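*Asks:* Protein chains in written order, with the numbering used here: chain A, 1 to 332; chain B, 1 to 451; chain C, 1 to 330.
Hints are supplied without guarantee of correctness; some may be wrong.
[Claimed, not checked] Restraint ranges, calculated between C-beta atoms of paired labels, are given here: (1) B/G71 with A/T238: 26 to 34 Å; (2) C/K70 with B/G36: 20 to 28 Å; (3) A/I90 with B/G162: 42 to 50 Å; (4) C/K70 with A/T238: 49 to 57 Å; (5) A/Q3 with B/R406: 30 to 38 Å; (6) B/G36 with A/K250: 26 to 34 Å; (7) A/L18 with C/V293: 53 to 61 Å.
Because the hints were derived from the structure by calculation, they are not lab data. None of these values were measured; they are calculated from a predicted model. All residues carry an ideal CB built from backbone N, CA and C; glycine is no exception.
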Amino acid sequence: MSQTILFTIGSITILGFLAAAILYFIASKFKVYEDPKIDEVEAALPKTNCGGCGHPGCRAFAEACVKADDLADLHCPVGGNPTMKSVAEILGMEVEERDPYVAVVRCSGSFEYREKVNVYDGSPNCTIAHNLYGGDTGCQYGCLGFGECVDACDFEAMYMDEKTGLPVVIQDKCTACNACVTACPRDILELRPMGRKNRRIFVSCINIDKGGAAKKACEVACTGCSKCESECKYDAITIVNYLAYIDADKCKLCRKCAPVCKSNSIHEINFPPRKEKEEKEERVKKERPERVKKDDAIETATLNSPVEVDVIEMVKKANEGESNEPDSDDKA
Amino acid sequence: MSLTINQTKTFPMGGVHPDENKFTADKPIQRLETPGEVAIPISQHIGAPAKPIVEQREKVKIGQVIASSGGFVSANIHASISGIVAKIDKVMDSTGYKRDAIIIKAGKDEQEWAEGIDLSPELVTTISLDQEGIIKKIAEAGIVGLGGATFPSHVKLSVPKGKSAEFLILNGVECEPYLTADHRLMVEKSAEIVVGAKILMKALGVTKTIIGIENNKPDAIQKMAELVATEVGMSVQPLKVQYPQGGEKQLIRAAIQREVPSGGLPIDVGAVVHNVGTAFAVYEAVQKNKPLIERVVTVTGKDIKNPSNFLVRIGTPVGELIEAAGGIPENTGKVISGGPMMGKALNAVDIPIAKGTSGILLIPNEESRRGKMKACIRCSQCVTVCPMGLEPYLLMTLTQKEYFERLESDKVMDCIECGSCSFTCPSDRPLLDYIRLGKKTVASLIRERNN
Amino acid sequence: MSTPFLTVSPSPHIHSDASVQKLMYGVIIAMIPAMAVSFYVFGIGALFVTLLSVVSCVVVEFALSKYLLKKEPTIVDGSAVITGILLAFNVPSNLPWWAVIIGSIVAIGIGKSAFGGLGNNPFNPALVGRVFLLISFPVQMTSWPVPFVSRFQFLDATTGATPLGELKEGISAGSPVSDLMSEVPSYLYLLAGGMAGSVGEISALALIVGFLYMLWKKIVTWHTPVAMLASIVVFSGMLWMIDPTRFVDPVFHLLTGGIMLGALFMATDYVTSPMTHKGMLIYGAGIGILTIVIRTWGAYPEGVSFAILIMNGVVPLMNKYIKPKRFGIK
Numbered sequence: 001m002s003q004t005i006l007f008t009i010g011s012i013t014i015l016g017f018l019a020a021a022i023l024y025f026i027a028s029k030f031k032v033y034e035d036p037k038i039d040e041v042e043a044a045l046p047k048t049n050c051g052g053c054g055h056p057g058c059r060a061f062a063e064a065c066v067k068a069d070d071l072a073d074l075h076c077p078v079g080g081n082p083t084m085k086s087v088a089e090i091l092g093m094e095v096e097e098r099d100p101y102v103a104v105v106r107c108s109g110s111f112e113y114r115e116k117v118n119v120y121d122g123s124p125n126c127t128i129a130h131n132l133y134g135g136d137t138g139c140q141y142g143c144l145g146f147g148e149c150v151d152a153c154d155f156e157a158m159y160m161d162e163k164t165g166l167p168v169v170i171q172d173k174c175t176a177c178n179a180c181v182t183a184c185p186r187d188i189l190e191l192r193p194m195g196r197k198n199r200r201i202f203v204s205c206i207n208i209d210k211g212g213a214a215k216k217a218c219e220v221a222c223t224g225c226s227k228c229e230s231e232c233k234y235d236a237i238t239i240v241n242y243l244a245y246i247d248a249d250k251c252k253l254c255r256k257c258a259p260v261c262k263s264n265s266i267h268e269i270n271f272p273p274r275k276e277k278e279e280k281e282e283r284v285k286k287e288r289p290e291r292v293k294k295d296d297a298i299e300t301a302t303l304n305s306p307v308e309v310d311v312i313e314m315v316k317k318a319n320e321g322e323s324n325e326p327d328s329d330d331k332a
Numbered sequence: 001m002s003l004t005i006n007q008t009k010t011f012p013m014g015g016v017h018p019d020e021n022k023f024t025a026d027k028p029i030q031r032l033e034t035p036g037e038v039a040i041p042i043s044q045h046i047g048a049p050a051k052p053i054v055e056q057r058e059k060v061k062i063g064q065v066i067a068s069s070g071g072f073v074s075a076n077i078h079a080s081i082s083g084i085v086a087k088i089d090k091v092m093d094s095t096g097y098k099r100d101a102i103i104i105k106a107g108k109d110e111q112e113w114a115e116g117i118d119l120s121p122e123l124v125t126t127i128s129l130d131q132e133g134i135i136k137k138i139a140e141a142g143i144v145g146l147g148g149a150t151f152p153s154h155v156k157l158s159v160p161k162g163k164s165a166e167f168l169i170l171n172g173v174e175c176e177p178y179l180t181a182d183h184r185l186m187v188e189k190s191a192e193i194v195v196g197a198k199i200l201m202k203a204l205g206v207t208k209t210i211i212g213i214e215n216n217k218p219d220a221i222q223k224m225a226e227l228v229a230t231e232v233g234m235s236v237q238p239l240k241v242q243y244p245q246g247g248e249k250q251l252i253r254a255a256i257q258r259e260v261p262s263g264g265l266p267i268d269v270g271a272v273v274h275n276v277g278t279a280f281a282v283y284e285a286v287q288k289n290k291p292l293i294e295r296v297v298t299v300t301g302k303d304i305k306n307p308s309n310f311l312v313r314i315g316t317p318v319g320e321l322i323e324a325a326g327g328i329p330e331n332t333g334k335v336i337s338g339g340p341m342m343g344k345a346l347n348a349v350d351i352p353i354a355k356g357t358s359g360i361l362l363i364p365n366e367e368s369r370r371g372k373m374k375a376c377i378r379c380s381q382c383v384t385v386c387p388m389g390l391e392p393y394l395l396m397t398l399t400q401k402e403y404f405e406r407l408e409s410d411k412v413m414d415c416i417e418c419g420s421c422s423f424t425c426p427s428d429r430p431l432l433d434y435i436r437l438g439k440k441t442v443a444s445l446i447r448e449r450n451n
Numbered sequence: 001m002s003t004p005f006l007t008v009s010p011s012p013h014i015h016s017d018a019s020v021q022k023l024m025y026g027v028i029i030a031m032i033p034a035m036a037v038s039f040y041v042f043g044i045g046a047l048f049v050t051l052l053s054v055v056s057c058v059v060v061e062f063a064l065s066k067y068l069l070k071k072e073p074t075i076v077d078g079s080a081v082i083t084g085i086l087l088a089f090n091v092p093s094n095l096p097w098w099a100v101i102i103g104s105i106v107a108i109g110i111g112k113s114a115f116g117g118l119g120n121n122p123f124n125p126a127l128v129g130r131v132f133l134l135i136s137f138p139v140q141m142t143s144w145p146v147p148f149v150s151r152f153q154f155l156d157a158t159t160g161a162t163p164l165g166e167l168k169e170g171i172s173a174g175s176p177v178s179d180l181m182s183e184v185p186s187y188l189y190l191l192a193g194g195m196a197g198s199v200g201e202i203s204a205l206a207l208i209v210g211f212l213y214m215l216w217k218k219i220v221t222w223h224t225p226v227a228m229l230a231s232i233v234v235f236s237g238m239l240w241m242i243d244p245t246r247f248v249d250p251v252f253h254l255l256t257g258g259i260m261l262g263a264l265f266m267a268t269d270y271v272t273s274p275m276t277h278k279g280m281l282i283y284g285a286g287i288g289i290l291t292i293v294i295r296t297w298g299a300y301p302e303g304v305s306f307a308i309l310i311m312n313g314v315v316p317l318m319n320k321y322i323k324p325k326r327f328g329i330k
């Protein structure tokens, strides 16, 4: 009996040594030299492997950084300036500070403003619906509401608002990795500079139909009336195809454009409430739909905000409820 | 006269048998009254959209070119009524998107035809044009594949260098349930179709023509067989009813037992397939100088009052056809342009009839919704019914997981989108939805790689 | 004209009348003849075990999917009922009630729900349950009531050996096959179901009738069973021709034990069998050969369950590498 045990222990030990020897031999024979700096740079990166930098994963980005002569074209949107600074230190190079970006949703056609004109009964997937037709509302440019951008987000920085049917970006979590922008088949999301004091103004609509048609499909569609264009002193607003666009580089955040927009498609984020024009607001309110106030509140929602927790729960519920939802369990 | 009709054939792999529901099989084709206004989309075909060459408020005659072909793979668009161009504007079409269309309002006067169009009913059998002339004429007439694929016909007739056509196969299969447009055309315009086939043969330089017809249309088989009995090199091939036999590749396999190679074209096995409706349009264009301005459309459905086959002008609103067939039933849940297996669901009824609209199908509410999706039980039904030998269950999963390389190696690009898999899935899984998505993504990846 | 509120979805817009429920109920109907025979042969024991197994499988499935998987319970689709019946078919009719319940918990819990429920389990749940019972409670699982003898008794039924068990014991004791075969009832009798064995496996005839029904309803294809039975006939036939004193003839193999039940109802399980016809043929042949190998040289007299479970494990590999014939590819 004891002999059997001894034999077993002996043979396994010998086997172990043999395997170790083989492994050592192979490891030394096929060793590939790698710049140790790559590991160092990789360690400094956020290791989310999101691909936001345009490279397949953090390792590849680290390799690219080590190889590059200067870091002008390389930027990790997730880590932002601090990360790039430490990368530059490791490599002994200089790096310019970049403005942080954030994703914005360029559609404000929530359920109340955009009437449903048919029922979509296909798979709840934005691209499938987009490839099929213009959508279940009159607007063929607007959000389809199946949350492909939310699925694409690796940072839980987006959720679908059940009340509006639109995605919402949580500013504090958004890393501007571009995943949602590529995921959206309609190009509704856009990366814009975070702005001074996190304040920004943008046109939350991409409907390029003529004014009348756009208005008919959605109450808050940009009609291309060019009122904002003439109001802007800095030439930041251009109208192409009946659609206004605010150039963030030129925009001085003067807030003159938003009040003149008849359809409320210009959104202001993180601004203090207007004071001096209270009266005017009051007057215009009667003619046009109420300002989308909740947007401000939600987009500035922080990590600990109870709003966010609530809504994620809601989205989960909505996902579970979907009849044709594939992989709904994965999401939940 | 005794007729020798060939033995029934079919394609060997996959296929399904949906209920045929061909309510309009013996309803003669009726000419629908010329509408007061038409909206003619400038993109009714595969390829580049046509370029409008008329101005607002310009007077146009029937058959006049109003938008000219935007490239080689494109087609001319003609005015289908005479009147005044009201505007060129975005109009919702069967793609579900608003796209550019030319809107013509009929004038108060008599309808006026463009010069040179022969409107007499006589059958002209002598083909005076030569090969090049025929192809040119077909291109001028804006003829596209009328089976629904809407591929410009003159492109199909221009055989690429190094390839040669051996067979012309006329597609009279009409395997989609409900639709009878081609069936009625074969019964009523058989002589014209045969002349059209001869024109196509001349254009292609082939000596053999096979007309494939499923044997749920015995009258069409009989009629066509009688006519081709005296023709050299033409024959009718009856086919066993099985969907998707009307698919080009399936039809070629059934008719001449050749498999179009994966990623290849029918010309690779020496075959060119044209729809019988296209053959009729070719006859009218070449022999009568009449461009493609009207087509046969089946308006049908389980609850519609008078399901009928109409000859309608391109650009007529779908609503007018439904009205002519007895109005829209109250319980209509879905309006489909085309057949129930491959047609497109419309999101409104004011969409214009295009060149590729073979039918308007009204589906009642209770049948218009899909079943609730359940888990895949791996029953392998989808694999069994796939006529292309693919594994739909796998392609769907791979698409969802975004494994595009495996999708490509598992031949997602060979999918003909016939819908047999989704049709048959006992778990109501939207297989084709995802396969289509995967196919589109893989196609763009391939394009990227080639550039 | 009023515009109706239309539904829009990608094609196809019609669906065949097939559904999971219909398929599953079809399988249940196909099992009725075998059930009837076993009730007739084994009496209340068979009835009790079948009912208990079905009820406990359904309850376990419901409880697990509702409270553990947090999915909508899929009881109505009938898959748990099938697992229950198949589990009962694979155990002796005098199995104690607690063993049946344990078997059901293992079958549904470990065999199915642990993998995510219907459609995700790599192994046939009923067989997982059966093999678990066989290994854990060999005494209870191998005491077979003698047919017709104690139809109105349950636990205290008179027990005897199965033909396969007798054979195995005899061969290992060294007696020639021809002697042993004289003790076995006639083949016709075996075909009808007159042997000791598990609840559902005894009557080859009733199982074949059920299978023909499934073929007619297009619930299953012929590939797996035919490949399995053919490989059994060929392989055991070859052994028999080499030495008829040591090996039994193929017909005996076909008619005894769980081969028919395994081939017609267990191996044809959708979830755990390959997706292509080519794969099904290989899968069936593999089960057949493994069964004979286990029966002839293994420790157990019967090997169908093990053979099917082993081949179940190979199925994902087959699905990956065995592709259907693609159109247009030589």
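*Asks:* So which of those numbered hints doesn't the model satisfy?
*Replies:* Those not satisfied are hints 2, 3, 5, 6, 7.
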